[in-house]
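Engineer: For reference, the chains in residue letters:
Protein chains: 2
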Amino acid sequence: MRIIVDGMGGDNAPGEIVKGCLQAAALAPHEIVIVGDETAVRKELDKHSGGGSISVIHASQTIENDEAPVKAVRTKKDSSIVKGLNMVKEKEADLFISAGNSGAIMAGSMFILGRIPGIDRPAIAATFPILSRGAALLADSGANTDCKPRNLLEFATMGSIYAEKVLELPSPRVGLINVGVEASKGPALQKAAYELLELSPSLNFIGNVEAREVPQGCCDVAVCDGFTGNVFLKTMEGMGSAVMRTVKHSLTSDAFSKMGAFLLMGKLRKMKALFDYAEYGGAPILGVRGAVVKMHGSSDARAVKCAILKGIPYAENKVVQMIEDSVLEMEALERSE
Amino acid sequence: MRIIVDGMGGDNAPGEIVKGCLQAAALAPHEIVIVGDETAVRKELDKHSGGGSISVIHASQTIENDEAPVKAVRTKKDSSIVKGLNMVKEKEADLFISAGNSGAIMAGSMFILGRIPGIDRPAIAATFPILSRGAALLADSGANTDCKPRNLLEFATMGSIYAEKVLELPSPRVGLINVGVEASKGPALQKAAYELLELSPSLNFIGNVEAREVPQGCCDVAVCDGFTGNVFLKTMEGMGSAVMRTVKHSLTSDAFSKMGAFLLMGKLRKMKALFDYAEYGGAPILGVRGAVVKMHGSSDARAVKCAILKGIPYAENKVVQMIEDSVLEMEALERSE
Numbered sequence: 000m001r002i003i004v005d006g007m008g009g010d011n012a013p014g015e016i017v018k019g020c021l022q023a024a025a026l027a028p029h030e031i032v033i034v035g036d037e038t039a040v041r042k043e044l045d046k047h048s049g050g051g052s053i054s055v056i057h058a059s060q061t062i063e064n065d066e067a068p069v070k071a072v073r074t075k076k077d078s079s080i081v082k083g084l085n086m087v088k089e090k091e092a093d094l095f096i097s098a099g100n101s102g103a104i105m106a107g108s109m110f111i112l113g114r115i116p117g118i119d120r121p122a123i124a125a126t127f128p129i130l131s132r133g134a135a136l137l138a139d140s141g142a143n144t145d146c147k148p149r150n151l152l153e154f155a156t157m158g159s160i161y162a163e164k165v166l167e168l169p170s171p172r173v174g175l176i177n178v179g180v181e182a183s184k185g186p187a188l189q190k191a192a193y194e195l196l197e198l199s200p201s202l203n204f205i206g207n208v209e210a211r212e213v214p215q216g217c218c219d220v221a222v223c224d225g226f227t228g229n230v231f232l233k234t235m236e237g238m239g240s241a242v243m244r245t246v247k248h249s250l251t252s253d254a255f256s257k258m259g260a261f262l263l264m265g266k267l268r269k270m271k272a273l274f275d276y277a278e279y280g281g282a283p284i285l286g287v288r289g290a291v292v293k294m295h296g297s298s299d300a301r302a303v304k305c306a307i308l309k310g311i312p313y314a315e316n317k318v319v320q321m322i323e324d325s326v327l328e329m330e331a332l333e334r335s336e
Numbered sequence: 000m001r002i003i004v005d006g007m008g009g010d011n012a013p014g015e016i017v018k019g020c021l022q023a024a025a026l027a028p029h030e031i032v033i034v035g036d037e038t039a040v041r042k043e044l045d046k047h048s049g050g051g052s053i054s055v056i057h058a059s060q061t062i063e064n065d066e067a068p069v070k071a072v073r074t075k076k077d078s079s080i081v082k083g084l085n086m087v088k089e090k091e092a093d094l095f096i097s098a099g100n101s102g103a104i105m106a107g108s109m110f111i112l113g114r115i116p117g118i119d120r121p122a123i124a125a126t127f128p129i130l131s132r133g134a135a136l137l138a139d140s141g142a143n144t145d146c147k148p149r150n151l152l153e154f155a156t157m158g159s160i161y162a163e164k165v166l167e168l169p170s171p172r173v174g175l176i177n178v179g180v181e182a183s184k185g186p187a188l189q190k191a192a193y194e195l196l197e198l199s200p201s202l203n204f205i206g207n208v209e210a211r212e213v214p215q216g217c218c219d220v221a222v223c224d225g226f227t228g229n230v231f232l233k234t235m236e237g238m239g240s241a242v243m244r245t246v247k248h249s250l251t252s253d254a255f256s257k258m259g260a261f262l263l264m265g266k267l268r269k270m271k272a273l274f275d276y277a278e279y280g281g282a283p284i285l286g287v288r289g290a291v292v293k294m295h296g297s298s299d300a301r302a303v304k305c306a307i308l309k310g311i312p313y314a315e316n317k318v319v320q321m322i323e324d325s326v327l328e329m330e331a332l333e334r335s336e
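Going down the list, the protein sequences come from chains Z and P. If you're matching positions, the first sequence starts at 0 in numbering that gives the first Met the number 0 and goes up one per residue. If you're matching positions, the second sequence starts at 0 in numbering that gives the first Met the number 0 and goes up one per residue.
Keep in mind that the hints were calculated from the coordinates and are not lab data. Careful, some of the hints might be misleading.
[Claimed, not checked] Keeping only pairs whose Cα atoms sit at most 30 Å apart, straight-line, the calculated BS3-like set for lysine-lysine is:
(1) Z/Lys-190 x P/Lys-70
(2) P/Lys-70 x P/Lys-88
(3) P/Lys-18 x P/Lys-317
(4) Z/Lys-247 x Z/Lys-184
(5) Z/Lys-247 x P/Lys-257
(6) P/Lys-317 x P/Lys-164
(7) Z/Lys-257 x P/Lys-247
(8) Z/Lys-90 x Z/Lys-70
(9) P/Lys-184 x Z/Lys-76
(10) P/Lys-88 x P/Lys-269
(11) P/Lys-269 x Z/Lys-247
(12) Z/Lys-184 x P/Lys-147
(13) Z/Lys-269 x P/Lys-269
(14) Z/Lys-18 x Z/Lys-46
(15) P/Lys-257 x Z/Lys-269
(16) Z/Lys-70 x P/Lys-190
(17) P/Lys-184 x Z/Lys-184
(18) P/Lys-190 x Z/Lys-184
(19) Z/Lys-257 x Z/Lys-247
Use the sequences and the hints to build the structure in full.
Structural biologist: Next up, the structure:
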């Protein structure tokens with residue numbers, strides 16, 4: 000398998016990207032290629048022993064975070080994002096990973112790889128931590144702010160396949176994020192989506208779920224429009240970091256507490272890791288004809304390593320092909336009704 | 000001032016309601032009246048010394064949590080919710096507080112008190128904790144799942160007045176919850192609402208705010224549709240309780256940690272209080288012609304006490320009258336454009 004990593008994307012590129020690639024290369028027997036400014040990337044590679052195990056493909060352009068995505072993808076043909084996606088399209092690579100401009104990764108995936116036929120709206124499916132055990136998937140987490148009911152069915156179907164094949168959650172429980180558990184609850188969008196989800200024979204739909212229960216693991220795939228997904232994910236992040244900051248502040252505010260905190264150091268460190276989104280391996284773009292993973296802009300080496308390792312089963316298990324097949328089934332069913 | 004408390008609403012009625020009323024009565028020089036089943040309420044009052052300071056008005060009916068709100072309000076004329084709201088309407092009371100059926104409190108407020116002229120959609124404005132300092136307001140927190148842009152302007156205007164007069168936040172900073180800070184971001188609803196909020200001369204509008212920053216206090220009044228508000232608030236609750244459970248579990252999992260936790264006991268208790276929503280005094284129904292506060296269904300005595308104490312400045316500062324005036328100003332401005 001050949002994995003292309005964008006060497007120029009994110010706040011910590013190329014240094015942390017290169018480090019993460021080296022860490023992943025030490026663990027996984029796959030070819031890792033960094034696409035980006037060759038001089039800059041090689042300079043980082045040279046700082047590490049084993050830097051020779053990673054090859055570099057030169058890209059003379061970089062899409063910055065503040066660029067308009069569609070225009071950037073259309074005009075910067077030699078950017079790391081466009082080049083990386085083209086390699087996936089041409090089957091020269093199995094997976095593309097980037098911490099760069101989210102809009103450009105999304106737009107590029109749609110223009111270059113194309114949507115899977117029958118998928119109206121590809122989704123960004125974020126993995127988020129369930130504190131008691133592992134992780135769950137949120138689809139859509141922000142790509143599509145205005146949605147139709149059918150889009151939510153697509154998110155659920157694609158998310159279920161990813162959760163089963165990559166997160167290793169068998170027969171994943173699909174929940175629709177809503178204001179109450181009764182089928183009659185919520186805005187027009189959620190009411191109509193509920194009916195579609197309930198009728199789908201391929202989904203393990205457990206009904207509406209309240210946002211309070213989702214961080215505690217009440218479902219494996221939480222389905223919502225991208226606006227709601229963004230609010231949910233960012234509230235989790237904001238609340239998690241606010242709480243941990245309060246804990247830390249509280250536990251070091253006097254000598255007596257500091258002594259207690261000292262005894263708990265290992266535990267507190269473990270806890271911090273639980274809330275550390277870097278552990279959760281980036282977000283796949285589902286619904287396009289290729290395996291693409293978007294990482295958080297602030298990804299460090301560990302996040303890059305995790306995204307690469309999580310990306311392997313995503314590409315290896317033919318998730319994209321399975322989504323294509325499931326859409327065909329969905330459409331056959333709709334015709335027969 | 001005369002405060003009416005619903006003795007029958009919520010999971011812990013009437014026991015905790017009565018206790019909370021007594022605690023508030025000991026602190027505030029106002030008349031507190033409990034409306035509900037007289038025998039049941041008196042039985043609870045008799046358990047406490049000073050029970051005589053609270054008067055009781057009998058209501059022969061109770062609206063249960065699973066009843067359809069509109070029908071319940073229309074048919075149960077002698078219920079505690081309908082009686083309490085009628086007393087506010089007839090100026091026999093200044094404030095009504097209930098932990099009962101949210102839909103019935105909302106529907107009853109609209110039918111019995113009526114909407115403030117010019118307000119299309121009254122809102123439930125929840126107060127939520129900012130860990131570093133005090134609290135902020137979320138409007139709407141769940142009453143209106145499908146909204147128009149003008150509704151969000153109403154929520155902002157009403158929320159600002161409440162935040163200033165009750166939460167004592169001068170010139171409150173109003174933020175629109177959105178997926179990014181740029182004016183052009185988000186769904187159609189948020190884009191249109193942004194324009195209205197920006198044009199309003201009476202608001203201290205600081206622009207879009209991301210859900211990540213809201214729990215950390217980036218604004219004093221967070222504006223959104225009720226679906227988004229519900230997701231935001233419940234994610235905060237769910238994440239807060241998940242984190243605290245993890246902290247507790249982590250800190251008591253072995254003898255060494257237990258010793259550390261023992262040293263930190265006071266701090267941990269203080270922290271728990273920070274996340275305890277009971278501290279934050281219920282949610283006013285804004286946009287109806289009277290002061291009404293909805294408490295969480297699981298409110299205990301302390302939550303009841305807080306809701307009563309927070310309700311006093313709400314009724315005393317003529318917030319309802321100020322909202323009426325501000326709507327007139329808003330409409331005069333619209334006509335002059």
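Engineer: Would you mind confirming whether the straight-line C-alpha gap from Z/Lys-269 to P/Lys-269 stays at or under 30 Å?
Structural biologist: holds (22 Å)
Engineer: Is Z/Lys-247 within 30 Å of P/Lys-257, Cα to Cα?
Structural biologist: Roughly 17 Å separates the two Cα atoms, so the pair holds.
Engineer: Has the given pair, Z/Lys-190 with P/Lys-70, been kept, meaning a C-alpha gap of at most 30 Å?
Structural biologist: holds (22 Å)
Engineer: Are the Cα atoms of P/Lys-88 and P/Lys-269 separated by 30 Å or less?
Structural biologist: Since the Cα atoms of P/Lys-88 and P/Lys-269 sit roughly 40 Å apart, the hinted pair is violated (cutoff 30 Å).
Engineer: Given the hinted pair Z/Lys-184 and P/Lys-147, is their Cα-Cα distance within 30 Å?
Structural biologist: Between Z/Lys-184 and P/Lys-147 the Cα gap is close to 19 Å, so the pair holds against 30 Å.
Engineer: Does P/Lys-164 lie within 30 Å of P/Lys-317 when you go C-alpha to C-alpha?
Structural biologist: With a Cα-Cα distance of about 9 Å, the restraint between P/Lys-317 and P/Lys-164 holds, given a limit of 30 Å.
Engineer: Could you grab the alpha-carbon distance between P/Lys-269 and Z/Lys-247 and see if it respects the 30 Å cut-off?
Structural biologist: holds (13 Å)
Engineer: Quick one, are Z/Lys-247 and Z/Lys-184 close enough, alpha carbons at most 30 Å?
Structural biologist: Outside the cut-off at roughly 39 Å; violated.
Engineer: Hint check: Z/Lys-18 vs Z/Lys-46, CA-CA at most 30 Å. Holds or violated?
Structural biologist: At roughly 10 Å apart (the allowed maximum being 30 Å), Z/Lys-46 and Z/Lys-18 satisfy the hint.
Engineer: For the pair supplied as a hint, Z/Lys-257 and Z/Lys-247, confirm whether the alpha-carbon distance does not exceed 30 Å.
Structural biologist: Holds: Z/Lys-257 and Z/Lys-247 sit about 10 Å apart, inside 30 Å.
Engineer: Are P/Lys-184 and Z/Lys-184 close enough, with their CA atoms no more than 30 Å apart?
Structural biologist: holds (28 Å)
Engineer: Does the structure keep Z/Lys-90 and Z/Lys-70 at a Cα separation of 30 Å or less?
Structural biologist: holds (25 Å)
In this structure, the hints that do not hold are numbers 4, 10, in rising order.
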